[in-house]
Amino acid sequence: MGILVFSSLFFLYLFLPLNLVFYYFAKTTKARNIVMLIFSLIFYAWGEPLYVLLLIFMASCDWLISLYIGRQTPHGTKAKLGLWIMGIVNLGLLGVFKYGSFVLENIGLIIGKDLGALDIILPIGISFYTFQLMSYVVDVYRGDVPAQKNFAMLLLYVSLFHQCIAGPIVRYKDVCAELAERRVTAQDLADGIWRFCFGLAKKAILANAMGSVADTMLSGDISKNTVLSLWIGVLAYSLQIYLDFSAYSDMAIGMGRMIGIHYRENFDYPYVSRSVTEFWRRWHISLGSFFRDYVYIPLGGNRKGKLRTYFNLFVVWFLTGLWHGASWNFVLWGLYFFVFIFIEKLFLSRALSKDRIVSHIYLVVVVYFGWILFRFDNMNDIWAVLRGMFGANGNAFTNFETTTLLSSNIFILIFCVLVSTPIVKKIGSLVRYTYMDKKAVSVLYTMGRILIPIVLLLLSTAALVGDSYNPFLYFQF
Amino acid sequence: MALKEITVIDRSEEERSLDDNMKLLKSLRSQHIVDINMSRVVLVVWIAAAILAVLPVFRPSYSEVEKRELTKFPEFSIYTLLSGDYFDDISLWFSDTFPFRDGFVSLNTKLTNAFGINTVQVHGDIQQGDAIPDIVSSEVSSSSEPSQTESVIETDKNTESEVSSEEVVTSTIESIPEETGPAVEQLGAMLIVDNAAYEYYNFNQVTADNYAATVNRAAAILEGKSKVYDMIIPTSMAITLPESYSGSTNSSDQKRAIDYMYSIMAPNVNRVNVYDTLLNHKDEYIYFRTDHHWTAMGAYYAYRELMGAKGVVPAELTAFKEYKFEGFLGSFYAESGQKASLGNTPDYVLAYEPTQLQYIRTFAPSTMPNGADYHIVSDGNRLSAANKYLSFVCGDHPYGIMTNPTITDGSSCLVIKESFGNAMVAYLTQHYQNVYVVDYRYINQVFPGTIRQFVDERGIQDVMFINNISATRSPALVNAMSAFVGQ
Numbered sequence: 001m002g003i004l005v006f007s008s009l010f011f012l013y014l015f016l017p018l019n020l021v022f023y024y025f026a027k028t029t030k031a032r033n034i035v036m037l038i039f040s041l042i043f044y045a046w047g048e049p050l051y052v053l054l055l056i057f058m059a060s061c062d063w064l065i066s067l068y069i070g071r072q073t074p075h076g077t078k079a080k081l082g083l084w085i086m087g088i089v090n091l092g093l094l095g096v097f098k099y100g101s102f103v104l105e106n107i108g109l110i111i112g113k114d115l116g117a118l119d120i121i122l123p124i125g126i127s128f129y130t131f132q133l134m135s136y137v138v139d140v141y142r143g144d145v146p147a148q149k150n151f152a153m154l155l156l157y158v159s160l161f162h163q164c165i166a167g168p169i170v171r172y173k174d175v176c177a178e179l180a181e182r183r184v185t186a187q188d189l190a191d192g193i194w195r196f197c198f199g200l201a202k203k204a205i206l207a208n209a210m211g212s213v214a215d216t217m218l219s220g221d222i223s224k225n226t227v228l229s230l231w232i233g234v235l236a237y238s239l240q241i242y243l244d245f246s247a248y249s250d251m252a253i254g255m256g257r258m259i260g261i262h263y264r265e266n267f268d269y270p271y272v273s274r275s276v277t278e279f280w281r282r283w284h285i286s287l288g289s290f291f292r293d294y295v296y297i298p299l300g301g302n303r304k305g306k307l308r309t310y311f312n313l314f315v316v317w318f319l320t321g322l323w324h325g326a327s328w329n330f331v332l333w334g335l336y337f338f339v340f341i342f343i344e345k346l347f348l349s350r351a352l353s354k355d356r357i358v359s360h361i362y363l364v365v366v367v368y369f370g371w372i373l374f375r376f377d378n379m380n381d382i383w384a385v386l387r388g389m390f391g392a393n394g395n396a397f398t399n400f401e402t403t404t405l406l407s408s409n410i411f412i413l414i415f416c417v418l419v420s421t422p423i424v425k426k427i428g429s430l431v432r433y434t435y436m437d438k439k440a441v442s443v444l445y446t447m448g449r450i451l452i453p454i455v456l457l458l459l460s461t462a463a464l465v466g467d468s469y470n471p472f473l474y475f476q477f
Numbered sequence: 001m002a003l004k005e006i007t008v009i010d011r012s013e014e015e016r017s018l019d020d021n022m023k024l025l026k027s028l029r030s031q032h033i034v035d036i037n038m039s040r041v042v043l044v045v046w047i048a049a050a051i052l053a054v055l056p057v058f059r060p061s062y063s064e065v066e067k068r069e070l071t072k073f074p075e076f077s078i079y080t081l082l083s084g085d086y087f088d089d090i091s092l093w094f095s096d097t098f099p100f101r102d103g104f105v106s107l108n109t110k111l112t113n114a115f116g117i118n119t120v121q122v123h124g125d126i127q128q129g130d131a132i133p134d135i136v137s138s139e140v141s142s143s144s145e146p147s148q149t150e151s152v153i154e155t156d157k158n159t160e161s162e163v164s165s166e167e168v169v170t171s172t173i174e175s176i177p178e179e180t181g182p183a184v185e186q187l188g189a190m191l192i193v194d195n196a197a198y199e200y201y202n203f204n205q206v207t208a209d210n211y212a213a214t215v216n217r218a219a220a221i222l223e224g225k226s227k228v229y230d231m232i233i234p235t236s237m238a239i240t241l242p243e244s245y246s247g248s249t250n251s252s253d254q255k256r257a258i259d260y261m262y263s264i265m266a267p268n269v270n271r272v273n274v275y276d277t278l279l280n281h282k283d284e285y286i287y288f289r290t291d292h293h294w295t296a297m298g299a300y301y302a303y304r305e306l307m308g309a310k311g312v313v314p315a316e317l318t319a320f321k322e323y324k325f326e327g328f329l330g331s332f333y334a335e336s337g338q339k340a341s342l343g344n345t346p347d348y349v350l351a352y353e354p355t356q357l358q359y360i361r362t363f364a365p366s367t368m369p370n371g372a373d374y375h376i377v378s379d380g381n382r383l384s385a386a387n388k389y390l391s392f393v394c395g396d397h398p399y400g401i402m403t404n405p406t407i408t409d410g411s412s413c414l415v416i417k418e419s420f421g422n423a424m425v426a427y428l429t430q431h432y433q434n435v436y437v438v439d440y441r442y443i444n445q446v447f448p449g450t451i452r453q454f455v456d457e458r459g460i461q462d463v464m465f466i467n468n469i470s471a472t473r474s475p476a477l478v479n480a481m482s483a484f485v486g487q
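Protein chains in written order, with the numbering used here: chain A, 1 to 477; chain B, 1 to 487.
Just so you know, not all the hints are guaranteed correct.
Simulated crosslink set (BS3-like; lysine-lysine; CA at most 30 Å straight-line) [claimed, not checked]: (1) A/Lys149 x A/Lys27; (2) B/Lys321 x B/Lys282; (3) B/Lys26 x A/Lys438; (4) B/Lys23 x A/Lys439; (5) A/Lys439 x B/Lys26; (6) B/Lys110 x A/Lys425.
Worth flagging that the hints you see were computed from the coordinates, not collected in a lab.
Please build the complete structure, drawing on both the sequences and the hints.
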């Protein structure tokens, strides 16, 4: 696939610099928006030369619908009709392009006939931009935000290359003011660069290293793998998926700030959570809040009795799972979290709040095993991994290759665990604020502020040139 | 001191808070200045790097270390444009030909070395080997359909695995013929211990059977005309890997694999087992540490074994002119991403030139029909660090002849080899008027026929298969060999 990932040399040394140069030479916000729109459409077309038309088509449908809804009495019949049409168009297209083959396959299984598969390749980022468009129309319907009269502005919102294909799922109402008028402060620019470079290094160095360990440890005939390789493999995968995805959000947020747009945070150290409920408030925040605001609360949330609350939660977690991919293992993964949230709601959360350490361990264990469901798309493999982790496949605990691979990655594994917690950041700010008055520290700070992004850029470049391993996990969503 | 204390005490509350505000303002201002400078410096560096990266002058087209042509800028077509491949290929070209590529690769290796404890490292994905069948009877099977033996023999439970031959094709040794120069063999997984690397070997039952069947077929075709010899050369993993590691690695047992393949070869194939010979000399410099080949010394011991099988007294090394080329950093070094432990201790190449002749006449599509002469030992000092194995008969040619002017009895031999054979063929010139060297991977580029015609046209008496064990697990290579042998 020809996706222009942020962590590719082409993006880093051609697309983004060119974009920034054009951007800063354009003086008015309007001119700058034109620059961003052109670059965004090129960015999308780079990976999907044909499906860029689908993106434009969906944006124009939702633009027309939102204009229609905007002219009706709020919450009136006509506005409702508009909302229904919007739902049918967006979910219909998402359904065909993302879930078409999956639905056919399962209908085929039920009626006992092979219906074949649709010859459709999943358009990049369709899950992200469909949700953005839908949230926009619903917000117009609710009167939270006026309908956008200018189609180009709506297209800019949804296609903006920072977040179009891999999130965060940005809400229109959060950015519409900044899209219309914005200025970049020195702090925005510096923080944006800083954030982007950290995200880049997180992806190019850490996430890719974890991915390579996970792939080696979890490759081949999984039922032959040693016990240790499965444990380490799943650990590395857990770290990879967090580092990879949060790095992408870091880079998106960083690029937004470089041009004066402030996206909301998408990750807040999810692995330090102490319950599954908390984990999902810290993991992929923009997705969780989407389902909260546009599914859970409209269904009645927790206001319609206990039973209804559980049903609503079930729906949310079924959909959350399904959103991640057209495959049952993702649904299973979503429902797996539903079960724990259900138990937590029943009684567990009270028990958990008593002991910090036990609750941490509980969360980490639940999430860790959850990633097995996420990674393997068939039950045989999932079962083989689970059995193998407890020695039930009759394999050795470890062998020479496993031990070697573990020892040659031991420091980076520990480092990635630390980076997944706020420790490093906390120590950094503690040192800085405690010794702010000290001349030496302020000189060091100044040097660090300037040199660290350059060093990270250099090391990431080396990692990207030297390493052909550079997947991006969230593109299938 | 006392004075200072007094002034501190004397300061009023008001003054102090004013002071704090000033400090805060000052720190905000200094933060602002730092931010402006930071943005300027980073963006200037970034954009300068981007300009460097785009300028064609700095874009390499060839990697010296990896010994390969880098990706070329794609050609435009509507089809590739619409499918997205065109843009994809541009991105690939951009990253593959990135300026200072080799330097960045080396920097990345230094970075990844800090990831853990690295006296020993495993690179690449290891393919599980098939179970190597036990040899049931000491009697050598004469079956030319070795697949029959499968049902008779027990399988070894410890190394059992179900890797299909298709999987093996995609990820073990593949030969990618290039327009010019030798084919690049892609290494599978390798193990690095201190300053030496070793290639993993995974036994592949189907391909091993095909290899033996191919040799059997050659012997059957040439029955009564020429004697057929077969030598399967183990790789360093089996011979020179320190004992503390051998046995624990997940690499198939090469001795058993060779014994198995020999056990299903026909009696009219003269099997030359060099495993123990090489093992006896394992403390000598018989394999390179930074490259997957053997040295001329390893090849020499194998040659002595071959001559023993033929019943001829081998030539002594002193009968050759010795050359030494320092600074060889071979395929393992490139594959490891220029790992320092290998790079700091380069190999050297010893090469032996016959005194009676200096040239090999080679034939390739570009030099047909007259061929071109190359030195049997070319000047390794003029070859790049990565290419010093090309000292031996100047690398892989589809076909070459060495003629010893001091022998006029019409004797000749044919060596069917991949690159391992290059280090050995010079020794054979001492026993034959003509030594024909065929690289079975490329022979079809210059010779359309099969082994029968090749041998008949030249009246060859001895036909020698000189193959390293990695070739016997590669379907692509065995198929190429089989095509040359014909039916």
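Against the structure, the hints come out as follows:
Taken as a hint, the lysine 149 of chain A and lysine 27 of chain A pair is honoured in the structure, with Cα atoms around 23 Å apart against an allowance of 30 Å. At most 30 Å may separate the alpha-carbon atoms for a hinted pair to count; lysine 321 of chain B and lysine 282 of chain B meet this at roughly 24 Å. At most 30 Å may separate the alpha-carbon atoms for a hinted pair to count; lysine 26 of chain B and lysine 438 of chain A meet this at roughly 14 Å. Proximity of lysine 23 of chain B to lysine 439 of chain A is assessed by CA-CA distance (about 14 Å); at most 30 Å being required, the pair is judged to hold.
In summary, the hint linking lysine 439 of chain A to lysine 26 of chain B is supported, as the alpha carbons are separated by about 14 Å, within the 30 Å threshold. Distance hint between lysine 110 of chain B and lysine 425 of chain A is fulfilled; the C-alpha atoms sit about 25 Å from each other, no more than 30 Å.
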